[in-house]
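Novice: Given chain A, work out where chain B should sit, using these hints.
Listed in order, the protein sequences are those of chains A and B. To convert, note that position 225 of the first sequence is 225 in the working numbering; the numbers rise steadily by one, no gaps. To convert, note that position 228 of the second sequence is 228 in the working numbering; the numbers rise steadily by one, no gaps.
These are computed hints drawn from the structure, not numbers from a lab. Be careful, since some hints might not be right.
You can't tell identical chains apart in this list, so a pair holds if it fits in one copy or across any two.
Cross-link-like lysine-lysine pairs, in silico, DSS-like; alpha carbons within 25 Å at most [what the hints assert, rightly or not]:
hint, residue 1, residue 2
1, 211, 257
2, 257, 311
3, 257, 77
4, 279, 311
5, 279, 257
6, 311, 77
7, 279, 77
8, 211, 77
Protein chains: 2
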Amino acid sequence: MSPSAELLEPLRRGEARALGRAISWMENGHPGARELMSALWPHLGRAAVVGITGSPGAGKSTLTDQLARALRAEGQKVGILAVDPTSPFSGGAILGDRIRMGRCAADPGIFIRSMATRGALGGLARATQDAIDLLDAAGYDTILVETVGVGQDEVDVVSCVQTCCVVLVPGMGDEIQAIKAGIMEVADLFVINKADRDGADQVEQGIEAMKSLSCVRPWDPPVLRTVAQQGQGIPELIARIREHGLWLRAHGGLERKARERARLRFESLLAEAASRRAKARVGAPWVEAGIQAIADRVRDPYSVVAELLDKL
Amino acid sequence: MSPSAELLEPLRRGEARALGRAISWMENGHPGARELMSALWPHLGRAAVVGITGSPGAGKSTLTDQLARALRAEGQKVGILAVDPTSPFSGGAILGDRIRMGRCAADPGIFIRSMATRGALGGLARATQDAIDLLDAAGYDTILVETVGVGQDEVDVVSCVQTCCVVLVPGMGDEIQAIKAGIMEVADLFVINKADRDGADQVEQGIEAMKSLSCVRPWDPPVLRTVAQQGQGIPELIARIREHGLWLRAHGGLERKARERARLRFESLLAEAASRRAKARVGAPWVEAGIQAIADRVRDPYSVVAELLDKL
Numbered sequence: 001m002s003p004s005a006e007l008l009e010p011l012r013r014g015e016a017r018a019l020g021r022a023i024s025w026m027e028n029g030h031p032g033a034r035e036l037m038s039a040l041w042p043h044l045g046r047a048a049v050v051g052i053t054g055s056p057g058a059g060k061s062t063l064t065d066q067l068a069r070a071l072r073a074e075g076q077k078v079g080i081l082a083v084d085p086t087s088p089f090s091g092g093a094i095l096g097d098r099i100r101m102g103r104c105a106a107d108p109g110i111f112i113r114s115m116a117t118r119g120a121l122g123g124l125a126r127a128t129q130d131a132i133d134l135l136d137a138a139g140y141d142t143i144l145v146e147t148v149g150v151g152q153d154e155v156d157v158v159s160c161v162q163t164c165c166v167v168l169v170p171g172m173g174d175e176i177q178a179i180k181a182g183i184m185e186v187a188d189l190f191v192i193n194k195a196d197r198d199g200a201d202q203v204e205q206g207i208e209a210m211k212s213l214s215c216v217r218p219w220d221p222p223v224l225r226t227v228a229q230q231g232q233g234i235p236e237l238i239a240r241i242r243e244h245g246l247w248l249r250a251h252g253g254l255e256r257k258a259r260e261r262a263r264l265r266f267e268s269l270l271a272e273a274a275s276r277r278a279k280a281r282v283g284a285p286w287v288e289a290g291i292q293a294i295a296d297r298v299r300d301p302y303s304v305v306a307e308l309l310d311k312l
Numbered sequence: 001m002s003p004s005a006e007l008l009e010p011l012r013r014g015e016a017r018a019l020g021r022a023i024s025w026m027e028n029g030h031p032g033a034r035e036l037m038s039a040l041w042p043h044l045g046r047a048a049v050v051g052i053t054g055s056p057g058a059g060k061s062t063l064t065d066q067l068a069r070a071l072r073a074e075g076q077k078v079g080i081l082a083v084d085p086t087s088p089f090s091g092g093a094i095l096g097d098r099i100r101m102g103r104c105a106a107d108p109g110i111f112i113r114s115m116a117t118r119g120a121l122g123g124l125a126r127a128t129q130d131a132i133d134l135l136d137a138a139g140y141d142t143i144l145v146e147t148v149g150v151g152q153d154e155v156d157v158v159s160c161v162q163t164c165c166v167v168l169v170p171g172m173g174d175e176i177q178a179i180k181a182g183i184m185e186v187a188d189l190f191v192i193n194k195a196d197r198d199g200a201d202q203v204e205q206g207i208e209a210m211k212s213l214s215c216v217r218p219w220d221p222p223v224l225r226t227v228a229q230q231g232q233g234i235p236e237l238i239a240r241i242r243e244h245g246l247w248l249r250a251h252g253g254l255e256r257k258a259r260e261r262a263r264l265r266f267e268s269l270l271a272e273a274a275s276r277r278a279k280a281r282v283g284a285p286w287v288e289a290g291i292q293a294i295a296d297r298v299r300d301p302y303s304v305v306a307e308l309l310d311k312l
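Just chain A, with the same shape it has in the complex (with noise of 0.2 Å):
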């Protein structure tokens, strides 16, 4: 038996051990990634997969936290992966959060992981991407897609879920600036969390100012109140969650998020894989040269590029 094929069946069974193993494969380029990937893929669009977005401070993982204990409660299998794009860097910085998150941790119908790769094949959004399909194969009903920010990176990211939660607070007036109009397209709800501070009333109306300049779209995000802290809001951010999920569905928004996931996996995977043969045909030490030709203004980059591709 292979050794996809040994991880497959504990993995389509939802053990964390084997699905754990699993994504370090995909995140690594595990000779076997390939294969299990193609032997999960008719598993997979069962479960919802939710982005909880929003800057530092925001209590997104207060908010993540929450939200898997009220799905976990209905009896729902929960994952949770938490993207963390500074870690590019330092690795496992996102350590605090995940104390934070204690709680859920203890329970095993609950799966947690950091997506906090130093430099994962193809970058985190694919990474996350492969764990969202692991998570979805391995029977996770519902799957929350926690990520920091603004960034190109967190926009691929948020580009895989169905339904995207962005989360403000009151008191940080110039965060709605410097949102801006950008998070508009991506939100599909608004949540403002720590609704019991002041100012709570002046984010929504900086909310309502933004969706009223921004082109009408379809579906109309709504704005809720938390405070996750003490689970205020919870259970009516899961109501509209559902619903967004509904309309989805009523209105071909699954296909059209499945056909945008399909392009981004396809566009990124090829570019790797595309790249990495053209650099295997003429050799290290020719890369190494042309980069440094490059480094020491030589060359410009468009021209070995060129040449490299004249070489296949």
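Specialist: Just chain B now, kept in the frame of chain A:
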């Protein structure tokens, strides 16, 4: 005379219009872009490239504005690139920031460009890198690269600069925690902005604590205080930026950074070019059918990509 040759001379003279056009060429993959970059390549490497990074609301725009004006007062030509990764979605959303920098915008010795491109070819990091090179070739003495936050894209942007200033503010308690150890490895200077607010001491203690936890680096990043809106601390900041530049020069840091930049550019150009070439070989209908099969879960992305590459 080829279009790129026509652009070359006004660009080398530092004319803003030529510069704006050349940046757009690079972003859009204009046919003349490659030739232009080849012609400029030997002229690069003169400018000081300084990154200003930090969370939304930290006052990066004001700080950048003040830095630009102070350098301008010394007679320097200053380029400002405001990188906003949220705008792949919305484009032009950075307008608010630019209005805040209105005083700079009127000065012909300061060139301002928002890198808020909707899906620039090869991503925002490469578009920014191209713009840095163009400003460098156009004779700008200092290039300030202002970028929000901590995503992978920003990390790539920041790895292009010579001196990276990380801007923090008092009163965002969770922020330090959120920024985490990751930022330690990109920070060459810490700036506590809005330092007249309560809590500046705590921010400084937080930074020092992070520094003590991370591995010892040959350059110990200093911690400065500014009140950018009043221009306080700007001369000191400029002095420290210069000090870091001299340190880099003395310790082979410039060559090391040049090599890193060369590698990033080579890899991203190659991935894009190799991928484009592969898709062109099989044709768009084949690609679209493959993506649809992935979306429909008939085939997995790994096998579609493998088949495509086997066809070449």
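Novice: Would you mind marking each hint as holding or not holding in the structure?
Specialist: Hint check:
1. 211 with 257: within (22 Å within a copy, 42 Å between copies)
2. 257 with 311: neither (38 Å within a copy, 28 Å between copies)
3. 257 with 77: The answer is within: 23 Å in one copy meets 25 Å, while 46 Å across copies does not.
4. 279 with 311: both (11 Å within a copy, 18 Å between copies)
5. 279 with 257: between (33 Å within a copy, 22 Å between copies)
6. 311 with 77: neither (51 Å within a copy, 42 Å between copies)
7. 279 with 77: The answer is neither: 43 Å in one copy and 40 Å across copies each exceed 25 Å.
8. 211 with 77: neither (34 Å within a copy, 39 Å between copies)
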